[in-house]
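Line order of the protein sequences matches chains A and B. Start counting the first sequence at 1; every next residue gets the next number (our numbering). Start counting the second sequence at 1; every next residue gets the next number (our numbering).
Don't read these hints as lab results, they were simulated from the structure. Where hints are given, some of them may not hold.
Since copy identity is lost for identical chains, a pair holds within one copy or between any two.
[Stated by the list, open to error] In the DMTMM-like style, the derived pairs of lysine to aspartate or glutamate whose C-alpha atoms are separated by at most 20 Å in a straight line are: (1) Lys110 x Glu46; (2) Lys173 x Glu19; (3) Lys33 x Glu172; (4) Lys173 x Glu46; (5) Lys33 x Glu103; (6) Lys173 x Glu24; (7) Lys173 x Asp44; (8) Lys173 x Asp161.
What follows is each chain in one-letter form.
Number of protein chains: 2
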Amino acid sequence: MSRLLLISNSTASGGAYLEYCQGEIVDFLQGSKRVLFVPWALHDLEGYASKASEAFERIGSTIDSIHNAADFRIAIEGAEALFVGGGNTVRLLDRLHRTGLIEPIGRRVKDGMPYLGASAGSNVACLSIRTTNDMPIIQPPSFDALGLVPFNINPHYIDPDPGSTHMGETREKRIREFHEENDPPVVGLRSGSRGAPCGWAEPGPRGCFVVARNRWSTVRAPISRSCWECDEKLQLLRSAGQTTNCPFE
Amino acid sequence: MSRLLLISNSTASGGAYLEYCQGEIVDFLQGSKRVLFVPWALHDLEGYASKASEAFERIGSTIDSIHNAADFRIAIEGAEALFVGGGNTVRLLDRLHRTGLIEPIGRRVKDGMPYLGASAGSNVACLSIRTTNDMPIIQPPSFDALGLVPFNINPHYIDPDPGSTHMGETREKRIREFHEENDPPVVGLRSGSRGAPCGWAEPGPRGCFVVARNRWSTVRAPISRSCWECDEKLQLLRSAGQTTNCPFE
């Protein structure tokens, strides 16, 4: 069964990098001591790898950044766990396609390699990056992404502000535009706050669920799709076309 | 000489569609009575054409929407003036590529056909749509756009909010990511307000200038590029590599 921890933001306001969701990451890694890091969403690869290293040292793990590997595919094949960092989603996906890593990452995750994603790293775990907030600064060969979960994510989701005079499209309107052209459900992940950070996607024999705590997840999908919002602290999405029961019912 | 009026938002808070910049549109059209409308940024083409028709009736012009034309290319060849409406920029550009209209629109604008763009319609007048805020809901054959001006626009530009705890990238940071991968200057167009709406780009023998009134335009480009901010009411961008003088100096 695939194991994914897909978080919206890597840093909470005022905190250090990955600090606010450190506990969830420790739980998730289940003792993996070496984590392969994918820094391609940012431009400064060395700087990004150093920042990730510091964060993982705090929890007793070591980062190997894939950009320093002699062979990217061999690095993926041998990884204990994968962390795909945030930044520009389109740049990140472009690198994943051009390095030929879409297939090997997908296969290793299906075989059980833990996948930790933050922001852009959560976006590329989905069916496509068509619900990213990022500018398409690079033209990737395809918008299709890793497809590790059967839906799309919109990180840093923000509710419409009824008092706004900005006149740009709201996030909700943008997701509605996505659904004018595409079918997959979209999970809007609000930015996590200290102490209540993380979502967990477990696509498996019982179906695919996104579990989000506190003020985290909003389901934005056409009304015809099944979705639940159990309570403030727990919201679930049953993916389209699946008939398994909610594990919390 | 090309004549373009590229505006950030088609509607000001609390106003009717195109109402706040009606005066500038009248000046710009210089008596054109029939305007060809491109509604492809939105899903509901008929509804959008009706909305545009109402707005242009107020100023004594008639809208013909291109989606009702028997032959799109013939419609472009015969148009007095063009209005490309806002919506999803990626969808709009996809339609322009797939209908083969990039070349004929570019040629007609270079020959003097007035080009009025709002939001997505302003984005596609630029070198590329790589600085759009919109979700890439469709994969276009290319991000390259009409190239009617030698820079990119970011509509609905908003300044970073120092008090924000949102943790998503600021607009400024996104444009910086664009410049990590691309060279062209980017003009951030703030949303216009009632009475002070419009920008005017005139690429011609004297160079290319963006003129923006009131709280309209911010130049976001690498420091190495030439730019001026003359005063609050008038901001100019001299495009990269050009040495013509500011027409207002």
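Quiz item: Checking against the hints above, which ones are violated?
Solution: 1, 2, 3, 5 and 6
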